[in-house]
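Spelled out from the first residue to the last, the chains are:
There are 2 protein chains.
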Amino acid sequence: MKNHILVPTLSHIRVTDPLFGSYIDQVSRQLLPYQWNVLNDKLPDVKSSYCISNFRIAAGLEQGHHRGAVFCDTDAYKWLETLAYCLQCGHGQELLPAAEELIALIESAQEEDGYLQTYFTVDHPDQKWKNLAEGHELYGAGHLMEAAVAFHQATGNETILQVAVRLADLICCVFGDAPDCCHGYPGHQEVELGLVKLYQLTGTQRYLEMARHFLRIRGQKPNYLMRELAETGDARIFPEFADYDEKYAQSHLPPVEQRTAEGHAVRAMYMYSAMADIARECEDEELKTACLELWRNVTEKRMYITGGIGSSGHLERFTTDYDLPNDRMYCESCASVGLMMFGRRMAALTGSAAYYDTVERALCNTVLAGVQDQGDRYFYVNPLEVWPDNCLPSTSMAHVKPVRQRWFDVACCPSNIGRTLASLGQYLYARDEKSLYVNQLISSTITEEIRGLRLHLEMQVSLQEAFRGDFQLELEGEGTIMLRIRIPSWLEYHSFTLDGRVIRPAVENGYAVLALSRPGVQHLVLTGHTTPRWVTANARVRADLGRLALAYGPYVYCLEQTDNGDNLAQIYVRPDAAVTVEAGDPTLPGTLPALRFSGLRLDSGVDGLYGTPRFRFTEQRLTAVPYGLWCNRQPGEMIVWLKALLPVMDHLIPS
Amino acid sequence: MKNHILVPTLSHIRVTDPLFGSYIDQVSRQLLPYQWNVLNDKLPDVKSSYCISNFRIAAGLEQGHHRGAVFCDTDAYKWLETLAYCLQCGHGQELLPAAEELIALIESAQEEDGYLQTYFTVDHPDQKWKNLAEGHELYGAGHLMEAAVAFHQATGNETILQVAVRLADLICCVFGDAPDCCHGYPGHQEVELGLVKLYQLTGTQRYLEMARHFLRIRGQKPNYLMRELAETGDARIFPEFADYDEKYAQSHLPPVEQRTAEGHAVRAMYMYSAMADIARECEDEELKTACLELWRNVTEKRMYITGGIGSSGHLERFTTDYDLPNDRMYCESCASVGLMMFGRRMAALTGSAAYYDTVERALCNTVLAGVQDQGDRYFYVNPLEVWPDNCLPSTSMAHVKPVRQRWFDVACCPSNIGRTLASLGQYLYARDEKSLYVNQLISSTITEEIRGLRLHLEMQVSLQEAFRGDFQLELEGEGTIMLRIRIPSWLEYHSFTLDGRVIRPAVENGYAVLALSRPGVQHLVLTGHTTPRWVTANARVRADLGRLALAYGPYVYCLEQTDNGDNLAQIYVRPDAAVTVEAGDPTLPGTLPALRFSGLRLDSGVDGLYGTPRFRFTEQRLTAVPYGLWCNRQPGEMIVWLKALLPVMDHLIPS
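Residue numbers (this note's numbering), protein chains in the order written: chain F, 79 to 733; chain H, 79 to 733.
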């Protein structure tokens with residue numbers, strides 16, 4: 079039976095949580111104005127994006143050639159999408175003139191037949207749709223569609239919606255099974271997601287069919303993308319893609335037959351998300367099976383404890399099961415955004431709350447780490463261990479930046495983090511025909527109409543060892559609404575009271591289920607227990623063997639040099655080390671605590687480079703901060719996985 | 079005062095050691111015939127080298143274009159050099175016809191004016207000397223000179239010597255300070271070494287001056303190579319060199335001002351070797367100071383315990399002090415060959431035996447590991463930890479091969495290892511006007527005339543805990559020869575007897591010094607003690623913190639999967655674990671023992687990907703083999719640095 083779990087109306091949600099609320103505020107206050115300046119090349123100390131300039135050239139308002147990445151139009155689309163979500167949540171109205179200017183520019187840059195990608199319009203009009211592997215036209219189209227739907231929903235703007243419709247209609251003409259159609263598919267998946275959203279908004283069935291078509295023909299033999307690249311020959315857009323292979327773009331097998339996460343992690347996440355969309359919309363059980371297996375492979379064998387994915391420092395790709403090196407990997411911010419997207423869709427497909435454990439893992443750790451607390455600097459790569467000295471240019475560690483950057487040549491992450499934070503409500507709540515789902519225990523409010531009833535919910539949560547979540551529920555109208563509250567895996571114990579009386583709601587699919595029918599205000603309290611916990615990895619994860627990570631609630635903690643000195647590789651900790659929850663550094667956003675514990679610092683006793691060990695420990699009191707907030711103070715070393723001191727030490731010299 | 083420590087005549091040395099003797103035998107029996115077939119593209123299952131074919135095209139004997147690497151002529155030169163050393167040692171006569179054929183071909187490929195590099199002769203005659211950064215013409219010239227000198231010394235062949243002389247004369251015309259000369263210098267150093275050898279053979283002073291010139295103008299501002307590359311623009315030979323920088327080719331500073339090892343490790347070693355040559359030949363104290371400092375930086379801060387160098391998996395380069403990751407680095411075989419070259423020259427420059435500790439470290443570990451015991455497969459990259467499953471194509475670990483390869487697109491290492499093993503005598507002995515130096519305790523014989531006396535020495539050494547080296551000394555003539563025997567750092571204790579009587583020779587610069595003047599046969603015995611030892615690294619080496627390596631004599635040992643099971647990252651060992659010396663696997667070459675000890679295998683107790691630790695150790699008896707011999711049996715995982723179990727374990731479950 080088709081599942082109808084949907085994203086609620088974002089405009090009815092407000093995030094009040096001190097941490098996420100602060101970041102969301104920064105999106106409209108800092109991130110969007112900053113990125114608008116970058117897109118317009120107005121900041122002298124930031125590398126040029128050429129984004130708006132390219133649109134102006136394509137629109138005939140400027141002369142010149144396309145500059146910047148082939149896909150850099152999408153930075154503008156995601157900026158617009160981010161603003162749309164801010165507007166839905168009541169922020170960012172001051173940016174509306176800029177948005178309208180941008181929309182007019184996009185419309186002017188669109189060609190007569192609906193074609194839209196400045197790189198090809200300006201400089202390579204004869205190459206349209208002929209280099210799908212590298213050209214990113216369908217990727218750009220998908221981002222445009224997502225932006226258009228969001229902006230239309232926020233403002234009712236028809237112009238941008240019609241731009242998207244014209245482009246979607248063109249794509250439905252150009253691509254397909256007919257002999258005179260292009261039989262290709264996106265080199266970077268994304269259009270499938272845009273087409274589904276456009277279908278959901280407009281009801282135009284052929285958009286859904288086109289998305290399904292792309293998933294159906296992908297990976298068929300002979301491989302379209304590899305044939306196309308062979309024809310492209312030396313005229314590559316990305317000469318450094320010399321080792322492009324079928325797996326890189328998940329075209330090694332038809333998606334429905336795929337069982338392991340392969341290739342470029344962002345491409346994979348966007349495709350799996352589209353597969354979950356199509357599986358739900360079309361009730362496609364085979365596609366659902368593929369989604370379930372791919373999800374399991376990612377989250378049970380190829381995911382970092384921070385929700386990072388993509389173990390290879392080259393080509394941003396998945397590698398092999400349990401290969402999770404902590405310093406040289408990619409863990410691109412966009413890939414964790416994609417993991418959140420995939421997880422939300424899997425929850426909608428299956429009705430299970432468990433997927434939100436992973437959504438939360440990615441959100442609270444890697445995605446949060448991807449952006450500076452001020453909104454204007456970003457990580458692209460998110461390692462779990464950084465030694466700034468070896469992140470040298472022109473080396474195999476050059477991709478790892480020890481501090482957030484102002485912009486990138488490939489600048490997908492900044493706007494992707496922006497749109498994710500701005501639309502956070504879609505990851506907090508969901509609804510179906512009779513239920514409201516509370517998917518994250520993050521302080522917020524929502525008002526939703528279900529079955530003709532109006533439910534206003536105010537959730538106030540604070541992460542402390544004696545965990546407490548307060549839910550003020552105000553119901554208007556006659557009938558019953560089901561309230562489903564996810565019980566997260568990190569909550570060691572839970573109990574509910576309703577207006578002071580203990581209740582014992584059933585737990586279904588990971589949700590505590592309450593039937594609400596009494597009009598007026600009720601007060602629900604969830605209490606439980608969550609303590610800082612030492613976690614380790616499966617023994618097949620060679621990089622983490624004999625190591626411990628510290629987690630508290632959904633947050634993974636790390637040690638930073640600014641709190642603990644340098645050479646954090648020297649630190650050992652006992653698996654039963656007592657951890658105290660203390661006030662966090664007030665300069666960090668939110669109110670998350672610092673965690674303190676005693677560890678030991680190992681000296682090898684070797685003065686030269688190699689020699690006879692004279693191991694010696696000294697005790698050290700250590701301070702851990704949430705990984706998601708690292709590098710918001712003095713930059714330096716950082717480490718998540720600490721060496722476990724497995725037995726009692728007999729080399730201890732009291733400090 | 080100028081030092082006159084020289085390489086003795088190789089033809090008077092025979093290596094009788096079961097391990098190195100076996101490898102040296104394989105050089106003429108297997109390696110050279112195999113490589114000759116590869117150079118001639120005669121092996122259907124080996125990638126084409128195009129080497130001889132390019133010479134034939136350049137000589138006008140075939141039609142076609144140059145194929146293969148721009149510098150692949152050097153594979154033929156190094157093949158010839160290797161054969162020359164074999165001939166000097168009495169092997170490989172059956173390859174003389176092939177050598178003569180090759181020499182005739184090289185002579186035919188040389189242009190009228192002396193120019194010689196098939197890539198430019200065949201396809202780019204207008205580009206000669208115009209892309210020194212990438213073209214490798216001077217690199218090729220250096221290898222030709224080294225080969226010519228060696229082959230002339232072995233056979234008296236004048237043809238190849240004259241080819242080298244003509245090319246050297248051309249270079250002395252083309253390059254120099256004069257306004258109409260090219261003011262460039264090699265993009266890959268090597269010609270300096272060839273010029274010095276040609277000078278030493280012919281006495282032609284301008285060859286020495288030209289080598290010195292190249293070292294003098296290198297790194298001056300503005301940077302010649304960077305300007306040249308800017309002019310090359312998109313016509314790059316190596317488009318993947320996009321992040322070529324001044325340091326890559328050690329052109330960031332004049333060599334005499336350099337103090338840290340930077341850039342491509344092989345380029346660096348060849349340059350430092352040439353600097354040491356020039357410092358000695360020209361008694362250049364400033365250059366000597368630079369050599370001393372560079373040596374210290376390499377061996378005290380940037381060298382693996384195996385004598386591997388080059389920590390970056392990208393561009394084969396040095397990175398920063400103490401950055402020594404064990405799995406993703408380069409540690410190119412050629413770089414360790416270069417370290418041996420540098421060390422031998424530093425010993426000649428200073429008279430100190432200590433440099434041979436490092437020469438030995440590189441020889442007995444990385445260089446030995448670089449070649450299969452049968453001589454026909456090679457490692458280019460030499461990691462200290464391999465998990466074959468993650469050495470995947472198109473990832474950041476793709477450069478690491480878990481098994482030796484039959485050939486490479488850049489095939490410098492196979493012939494470099496060949497010429498090093500074939501000329502091993504130059505690393506075992508040295509001489510000056512009054513002394514014979516025994517630099518390695520490796521069984522061998524030498525006959526040398528010094529001060530009109532003839533000394534025949536037979537050294538018989540076996541590595542065992544009760545160490546014993548037997549030296550039979552036969553002296554003919556009147557007078558005194560000084561015998562200097564290096565006391566290696568791994569010999570825990572030493573004493574000498576001469577014809578049964580204890581003697582106490584002075585130790586100078588790391589050499590035990592004996593004055594020999596009694597004609598006839600004497601029997602010198604060196605006894606001492608060497609036990610397997612656990613070694614650790616300086617605490618600044620983050621990758622090795624809390625880890626132990628096992629060494630025995632000059633050999634670093636490792637664990638292989640074939641002896642110890644998979645997932646070697648699980649293994650812990652106590653710093654005081656007793657090690658027994660046992661018979662080695664008889665299928666491995668030589669008679670080096672296996673080392674056995676008890677360790678513990680850690681299970682994390684986590685069934686999923688992350689969870690609550692339930693650490694559990696089981697005891698395991700482990701077998702270590704010499705790192706230099708790894709992967710000569712069943713391929714699989716390998717590890718050098720084992721986790722130290724620092725205190726007594728209280729999680730032990732008896733197995």
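The hints are simulated quantities; they were obtained by calculation from the structure and are not laboratory data.
Nothing here was measured: the structure is a model prediction, and the numbers come from that model.
Accuracy of the hints is not assured; some may be wrong.
One copy or two, either will do: identical chains are not told apart, so a pair holds if it fits within one copy or between any two.
[Claimed, not checked] Keeping only pairs whose Cα atoms sit at most 30 angstroms apart, straight-line, the calculated DSSO-like set for lysine-lysine is: (1) Lys-299 <-> Lys-125; (2) Lys-479 <-> Lys-206; (3) Lys-366 <-> Lys-479; (4) Lys-206 <-> Lys-366; (5) Lys-379 <-> Lys-366; (6) Lys-479 <-> Lys-208; (7) Lys-379 <-> Lys-479.
Structure-inconsistent hints, enumerated in ascending order
2, 3, 4 and 6
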